[in-house]
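Peer 1: Could you slot chain B onto chain D? The hints should help.
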Amino acid sequence: MASLQMAALLSAPSTPVPSDRVRVGSLRLSASSSSAARNGGALVVRSEAKVSGGGASARGLSLITHAVAEKAAAASSADSKPGHELLLFEALREGLDEEMERDPTVCVMGEDVGHYGGSYKVTKGLATKYGDLRVLDTPIAENSFTGMGIGSAMTGLRPVVEGMNMGFLLLAYNQISNNCGMLHYTSGGQFKIPIVIRGPGGVGRQLGAEHSQRLESYFQSIPGLQMVACSTPYNAKGLMKAAIRSENPVVLFEHVLLYNLKERIPDEEYVLSLEEAEMVRPGEHVTILTYSRMRYHVMQAAKTLVNKGYDPEVIDIRSLKPFDLYTIGNSIKKTHRVLIVEECMRTGGIGASLRSAIIDNFWDYLDAPILCLSSQDVPTPYAGTLENWTVVQPEQIVAAVEQLCK
Amino acid sequence: MAAFSAVKIPPPQFTTVRSSSQRPGSSPAHFAHSPSAFNSISFGSAKSVRSRPLFAVSSDVVSSSDKTKPASSSASNPAVTREVALELYEDMVLGRAFEDMCAQMYYRGKMFGFVHLYNGQEAVSTGFIKLLNQSDKVVSTYRDHVHALSKGVPSREVMAELFGKATGCCRGQGGSMHMFSAAHNVLGGFAFIGEGIPVATGAAFSAKYHHEVLKQSKPEGLDVTLAFFGDGTCNNGQFFECLNMAQLWKLPIIFVVENNLWAIGMSHLRATSDPEIWKKGPAFGMPGVHVDGMDVLKVREVAQEAIARARRGEGPTLVECETYRFRGHSLADPDELRKPDEKAHYAARDPIIALKKYIIEHGLASESELKSIDKKIDDVVEDAVEFADSSPLPPRTQLLENVFADPKGFGIGPDGKYRCEDPLFTQGTAQV
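For the record, the sequence lines run as chains D and B.
For the first sequence, the residue numbers in our numbering are 1 to 406.
For the second sequence, the residue numbers in our numbering are 1001 to 1432.
Only chain D is shown next, with the shape it has when bound in the complex (with noise of 0.2 Å):
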């Protein structure tokens, strides 16, 4: 539960978004902070970072100085523009809030999601809201009331299962992978499980090897279930109100690291494509297929790579399944290469089956081998060095492309 400032290194996205909904900026890291990156790659802003006026402004993009800026000067800056400035968790929460107004069988389940708020506040004053039955604490009983959620859902309502940590969903396994994932097919289609599985995993803050599993790769093989991971605030409530109205089982991958992202969103609603990929970057040289918090990984990365003259195209997939191969095979079509990063292990992964999708379809197109960056395949230890290494930093990255576009 480690708040942690995080590097909103957003680039000009060119397609759907428009310009002012997104906080865009790059941070040009001063040389003592680049110099903290190559010791451990840690992630942290430094709020004195210089603001350079070089490559940024000369692409007309306005610049920030702080990443998670104090609420004073937010709403001195806050006013000429318009939407709202948030964190992510609140962005999740609005997404929930706004689901659970529209529809009232929509409804919360989970381990201190009432009256505790939830252990990342995404349901923080919901129970006062909606009543303690809409917002249900459950006993610590994953596997009974995720079928409870399975069950409910069978009956009428479209409940919100929560995982305190994704990993405890993996005492829900039998639930969700016999039940959630099968019983439209096993019943013949007679009985819909419109459930939305959410919670908060991947690699923490030393959180330790328990709490630190990313669960997208244990789920993917399910049939019958859908999985979407979001990273950016914007995404973030789209997906959740997406995943809400989706008639199918969705599980919403939320990573640890990422609940304090600011951003500046619509005020008007909307709500996003569960099985789109969001185009992060657009490039010509390599494609850089990412999710999640690697996709700030990639993006730290990109800045580099763009200074040694690369142009890497950076697509956050969003959709671990089914992969959106249409924005996928566009973007090889277009520039022959590929780069995964996950922050999966390495065996049976999401990065597995996207390079095996991709050879599957777009195999002509490809003029080198897919490159897949994951995790290391151990249990993530406590040490922050070791920790480091586990999971993929922006200097592999670097490297990675460099070999790929030789």
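Read the hints as simulated data drawn from the structure, not as lab findings.
Don't take each hint at face value.
[As the list claims (entries may be wrong)] As a list, the in silico DSS-like pairs of lysine-lysine whose alpha-carbon atoms are at most 25 Å apart: (1) D:Lys-192 <-> B:Lys-1357; (2) B:Lys-1130 <-> B:Lys-1371; (3) D:Lys-129 <-> B:Lys-1208; (4) B:Lys-1165 <-> D:Lys-192; (5) B:Lys-1130 <-> B:Lys-1110.
Peer 2: Quick look at chain B alone, frame taken from chain D:
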């Protein structure tokens, strides 16, 4: 190194002495409403349970060997009306005839896989399910054919499902262990024991939610959910977790334990530290009832009270039905471990024969009327087999249907490519 010495529990000695040690005129069931009330019921402490031969305590039995001791009422005052008695009789005969036909069809190679038959346990299904409304829910395990039939799923659909035909209730995609019917509110049919209990708890939660949040109340009260499962399941975590949650939120659910003493080849007594399952209800604060599951009238009486409680919003009940399966665990089970005298004891308590005797004794119907019901059911089952035989097998196009309620972009299209490559895929449901 054992920290304690394991107590060797002697195998049960089955004697007919047991069945006659009943208190005359006693009520058929004991309701333990709360832990304090439970303590006042002299059912014996745990220690005394271990010191006598261990098998489930049974209440009065409508036994064919004892004409002078009726179950719960005198011969002049039958517990049920003629209509109800015939309804119960017909439902039990349907269950028995259907299951017998399943065995025949299995050995003739018409159905495959694991088939678990319900012979002998009909009183539980009929006793409970015939009291339900259409909107009440039933959740079962793999031994679910008769639960589906009692709830109203047509025999044709069940038989076709067993044959794996496209006209089955689940389009042939479920099979013996996964009977679902949205029209009749049968929520499955689960192969793993225990995994249906949370689903049933969810259905009960939904009923409470519809009443309290959505304000969709009915004059008769809350919709009730019945969860059927066996003695083996009562050692599983999900059972206890759901007992806790159901009582915590006073959900309208009844946990019906079909204790047939055997989990495949594992005797209930070898697997359970305290074999009296009904006692586990009061441990969670709900009533625990033990009833003779071979007597449909007793089961019905207990069910009536439990269902009424649930409808009023008073919460769940745990009902342990002492019953027995006349066949093996499944059609693949050689059934070598059960002793012949145990089987004979329960065969003498066949619920259908007992009810037949009761009906005739109380003058509710004549023998020939009952025989005509038998014949009618035989015809129904024959018709079901013919229907299933003549139904088509599922076509290949059915393979990828129903994987997702909303198949946008999933699966492979007819051109062999991922459907999501179609530029219009996010705009609507892809054709499967």
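Peer 1: Would you check the hint for Lys-1130 (chain B) and Lys-1371 (chain B), treating anything up to 25 Å between C-alpha atoms as holding?
Peer 2: Cα-Cα ~21 Å, so holds.
Peer 1: Does Lys-129 (chain D) pair with Lys-1208 (chain B) here, judged by a C-alpha cut-off of 25 Å?
Peer 2: This hinted pair holds, its Cα atoms lying about 19 Å apart.
Peer 1: Taken at face value, is the distance from the CA of Lys-192 (chain D) to the CA of Lys-1165 (chain B) at most 25 Å?
Peer 2: holds (22 Å)
Peer 1: Hint check: Lys-1130 (chain B) vs Lys-1110 (chain B), CA-CA at most 25 Å. Holds or violated?
Peer 2: Answer violated: Lys-1130 (chain B) to Lys-1110 (chain B) is near 30 Å, above 25 Å.
Peer 1: Verify the proposed pairing of Lys-192 (chain D) with Lys-1357 (chain B), using a straight-line Cα cut of 25 Å.
Peer 2: This hinted pair is violated, its Cα atoms lying about 45 Å apart.
Violated hints, in rising order: 1 and 5; the structure is consistent with all others.
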